[in-house]
Amino acid sequence: MDDSILIETRELVKIFGGLRAVDGVSMTVRTQTLHTIIGPNGAGKTTFFNLLSGNIRPTSGKVFYKGRDITGVPPYRRAHIGIGRSFQITNVFPNLSVLENVRLAAQAVGHDNYKFWADHRRFHKYEERAQAILQQVGLASQTNLPARLLPHGGKRKLELGILLASDPDLLLLDEPTAGMAREEIPMLMEVIRSVRETGKKTIILVEHKMDLVMNVSDRISVMHQGQLLAEGTPLEIAANPTVQKAYLGDLYGDLTEGK
Amino acid sequence: MAPSQKNVLEVRNIQTFIGQFHILDGVSVEVPDGSITVLLGRNGAGKTTTLKSILGLTPPRSGAIVFNGKEIQGEPAFRTAAKGIGYVPEHRAIFRDLSVAENLRIAERKSGDLARREEFIFGLFPDLKRLIKLPGGNLSGGQQQMLAVARALVPDNQLLLIDEPSEGLAPVVIEQMMEAISRLSAHTTILLVEQNFIMASRLADRYTIIETGRSVKSGMMADLIDDEASIQRYLGAAA
Amino acid sequence: MTSFIRRNRTLLLIIAIVIVIFGGTIRTMEPKVWVSIMLSGLTLASLYFLVASGLSLIFGLMDVLNFAHGVLFVLGAYVGLSTFLNPRLFFNTLPVFFMLIAAVMMAQHLGRAFWPHVNSKRRQHLANIVLLLAAGSILYLALRGFPIRALNAFNITAVGGAVTTANAQEPMAMMFRRLLLVALAGVPIGILLSPRERQEEVPLRPIWQTALISGSAAVIGIVLLLVRDTGEIWMLALSPDFRFLLAIIMGTIAGALGGVAIETGLIRPFYGNPVTQLVLTLGLSIAGIDLIEAVFGEEANPPMPPPTLFGQSCRSDTFINWFSEHCQSVDVLGRAFPTYRLFIIVVGVVVFAAVGLMLRRTRLGMIIRAGVQDSEMVQALGINVRRIFTLVFALGSGLAAMGGVIAAPYLGVFPGMGAIFQLQAFIAVVIGGMGSFIGAAVGTIILGMARAFGDHFVAAGIHLPFLDAVVKGSPAIARASTVLIMALVLLIKPSGIFGKKE
Amino acid sequence: MNETLSTTTHSSARRRLAQWWPYLLILGLLVLFPLLAGATIGDPAAAQDGAGLSSLMQRAESGAAKFWQGMIIQILIFAIFAMSYDLLLGYTGILSFGHAMFFGTGGYAMAILIGRNFNWSFGMALLAVILIALAQSLIFGVLSLRVKGVYLAMVTLAFAEMFYILAEAGDFRKYTGADDGLHGFPVPGWLSATDHRTRFYYLTLIFFVAAFLIIKRLVDSPTGKVMVATRENEHRATMIGFNTFWYKLTAFVAAGVFAALAGALSAMYLVSVTPSMLSLGRTIDVLAMTIIGGMGTLVGPILGASIIQLLGYWLERWFGASWTLVYGILFMLIVIFLPYGIVGTLRARSFQIRDGWKQLQQTLAGK
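From first to last, the protein sequence lines stand for chains A, B, C and D.
Count the first sequence with our numbering and you get residues 291 to 549, in order.
Count the second sequence with our numbering and you get residues 7 to 245, in order.
Count the third sequence with our numbering and you get residues 34 to 535, in order.
Count the fourth sequence with our numbering and you get residues 1299 to 1665, in order.
Here are the simulated DMTMM-like pairs of lysine to aspartate or glutamate, each with C-alpha atoms no more than 25 angstroms apart in a straight line: (1) B:Lys135 to C:Asp407; (2) C:Lys505 to C:Glu63; (3) D:Lys1446 to C:Glu409; (4) D:Lys1514 to A:Glu418; (5) C:Lys526 to D:Glu1532; (6) C:Lys526 to B:Asp103; (7) D:Lys1446 to C:Asp407; (8) B:Lys135 to B:Glu124; (9) B:Lys89 to C:Glu409; (10) A:Lys405 to D:Glu1532; (11) B:Lys76 to C:Glu409; (12) B:Lys89 to C:Asp407; (13) C:Lys505 to D:Asp1469; (14) A:Lys415 to D:Asp1518; (15) B:Lys139 to C:Asp407.
Now the stretches of chain D that chain A is said to cover, found in silico as 3 or more residues with beta-carbon under 8 angstroms: (16) 1517-1524; (17) 1529-1537.
Pair ranges (Cβ atoms, derived): (18) A:Leu439 to C:Tyr304: 24 to 34 angstroms; (19) A:Glu487 to D:Ala1508: 50 to 60 angstroms; (20) C:Ile453 to D:Pro1484: 30 to 40 angstroms; (21) D:Leu1334 to C:Val151: 49 to 59 angstroms; (22) D:Leu1425 to C:Ala493: 31 to 41 angstroms; (23) B:Lys135 to C:Ile453: 46 to 56 angstroms; (24) C:Gly169 to B:Glu96: 41 to 51 angstroms; (25) B:Val178 to A:Glu487: 34 to 44 angstroms.
For the record, the hints were derived by calculation from the structure and aren't laboratory data.
By construction, the Cβ of each residue, glycine as well, lies at the ideal position given by its N, Cα and C atoms.
Starting from the given sequences, assemble the full structure and let the hints guide the process.
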């Protein structure tokens, strides 16, 4: 078994009522890389993501993580073995404070969840960890705000904070910049970059904005109609004629050719 | 103003809340008669909510919506729709357990609507005729999208609100869809939400850009295509 | 293999249940016993179905779990019983209702003139309170001392007729005074209910139409009151079969109106608020039964005499003979079976077919099926979904009430009857899958069978291993055991046999 | 160093006091109540030996003093029951319509075990009640927690109704007394609420305080925080690594045990158990207490229990037999006009309760 491979899928297929949303995807992601999956809306990126995070089960095919078959492992177990994911649609605990959101995530992977005889305030380590993470993602000044009152960009940062709190080896980020104002995006990308460099994490990123991913990714996979169309370094992808034709070509052809 | 420039729909500065969330904070859109107008903007900017607010599914708290010269803001959706607005929602909202025929028949406002428009509808989407007896849930994504558009064509609608018709479709099907919509525009006025800028730029006459719940820019599509700075600023480089 | 099981879980589950229920049983008993138990089971299933189908339809369309459904069943039973035996009640109460409706309708036009003058929120609140107090106190004055319990007291003669208690009726003059006061009370209620904002948007009928409708309502009410003595005699002289039909119709209408009242009063203001709806119907289920007890008395009434069609004390050899003899029982494989119970089964089947056809074949049915999947989209097609909701609520409630009327000759009439049927209906829809019409039918059949066979075995005794004596029990054990079937289904398929995935 | 340490301990003790003083005040009043009542509304004739504490105690065992102690005993018992229900509904977001199942089973278990069939001692029976409740809540928790929302409401209702039917059935008359219930089973003399009302009062108070402290500790523990997270957004709680089923089950079991204890106390106090203890009506009572008081707080259910208990007493005096009708109507009016309950409405500015309620509604709507 190759130790440098963190997660691997083999012939993953997911069929929704006749539609082959994910159609035989085999992909390997190496440790401590930032691997991006791009593709047009409806290409099956999010479904593929849900298969990686265990939210849905594949119709056929297998997922291996650190060499172990995790195809049938439920999502809450995946958090414990080091897989964390963020959601495209913001999905936080809206009525709990920002701090509590992150604290819960830190607690989740600790071993004190069932200590129902002790006051939660005794477990300083989770709170301290949550504070540190909020510092890292730039929410330190809003710890006591209910999460629903954060602006959209703040919620995306919180989403990332929740993810980091469980200290995962593999971060699955589903369009982390979705719906963010243009000015806020570089900040978030900066956070992602710093997480990757300082935390020695592996990141799988789904995006459909090409320009964002070109200079942060180590590798890029292109999905199209449920299938893996191409894979390679950003430069290879940019030069790949199939990708040009099927993904960039059809949709962006006029602009790229016209200018 | 020339009579052809009359606006079928005018949305003026609407404010919409969903629960405690302030989703739309001042959206204004004008849809001239016979045109295709497109709403552009990022995910979560409020485009879908704008369509739903026009129809009355998420009634705006303030502002005005004028359809055919009549104020319709605050009316329940079924009454607005019955005035002649067809809606093709995001994710199509096909009735999965109803057959294709029933999916069309349910949209009739007067009996006989379907019989009158049958030829036109099946001319646009010949596939549907073949599938007429199948349950809507058994159709492929593209076929469902066609059915959703066809359903909005059954009654006499003066305005169609179409939400992301290209989402999740294969390029071939997108082409078909574009073709159908551009043929449609000869008959009705269309207000379109579309993420796919190329599709939008080919179809639309006018555009309105929505950013974080506010309409920030609108004008002729032809002008926007050349305005690379605005494209960069509002829609992101890739688009 | 596992995927085969997963895909055909519904079918396998039904087969498993059928085998469990019938498999062991048919060997050990004679066919005639078996058939009569089956028929008993179907009788129960039919009654359960009348309650469960409405519950399930309402839930499927509008996500409302109506805990007051059992109250409607009881209401139907009491209204049916009174129509059948004691029409005097209606000749004395219906005029009051008609008068109230007439007054409320007319007063809506007054309200239209009234509300524009009340422009601040605060004044509106004040006006609300004043109007509510006025309506309440006038109504109290109007109905104070109304001899409702006395009107309801009657004895059943040996031949099945009712002997109403003498002097229960109030003098005509008194009744007219009440009518006048009720009409007065209708005015503030009408003003309260009239639309306040955006009046141009909510069109009222032209005033002459309202006047015509409410005028005729008032006239009908007064006429009913004037003919109350002759009317009663005429009613009681009608053939019992016809009176029974009338009882079913009156009961169903009462249930449907009750359903509309629940929907508009307790459900509609709280859409998107399922906990409040649930808790409110729960509150109504207490208050409603108490109200019925207050009006009709707490004690159980003996079973209503079945119509003469099923009433001759004889036993027909075949069904064909029954058509001429109208015996109360018929020979099924050499065993007598009450014909009235067969009638219950027929009603269940007819209702199933009729509602099923309505759902499949009519435009209304199409809209309901579409609404179950996506009511917002139905709305967006220009269809007034709220009105469909009210209609379905009325339909479901009417069916439950009809079940109550039909159960009356079989079970007797008592305030607690609704709770029992509602519980079994809940269990049936959980088994069948919430929101599924077919599921409600299958669930109720499973329950009916389980009850019937359970009753039989519990009474006949069960040989348990390691025990010499036969273990016997009461029907209560069989009743409780239906919960076990539900638990079994939940373990295998949490969404019920025909339920959609969550 | 030493100095700073002592000041922090000092200030933290002070902070605690500031936080806890309302509770302590109420507790103090409850502790002193029998004496105060004895001094004011007790029957002076009941005191035999002149003056002093013992005479006060004797006066507390008489007349209105005795009656109002009984009222508070019942309020406290229902408060335990309501707090346990709030643990389910208010904290974990589980809408159960079968909570009376535990209350009734606890009562019946106590009555049967100390009754003539078994003749167990009070302590043994209490232990058995807890064990039975544990087993019962585990079994029915595992079964009903497979479904959510209104399904769960219906399923729990059906389970509870099964117990109700069995309790009413004639088959077990020897043990359960069928529809009559059990009355006059041999409560140990030292615990008799008729002879030693004040003693029973303090026993109930101890149980109540213990229940309050334990449940408060539970909801403030890491486990309790996960329960709240489950209520708020179960899907997300799963995604960050919680197996929410276990937390829901924990809440279900804890709630079941406390409800059973309340039922056992009630049986001891009234020296009678009837099938109505297991009925839907009893669940509606506790639901009303929780909703009226305010969900998601512990003070709410206690307040709700007091209000419902007193309201029931007054309504019965004013309206006679038809008081349940008035109660039902009042219940609906309160739900309509005070949807967040009293404590919730008072704290309307604190977002948790209101939105917790909304959240719960959304979960139930299946969104």
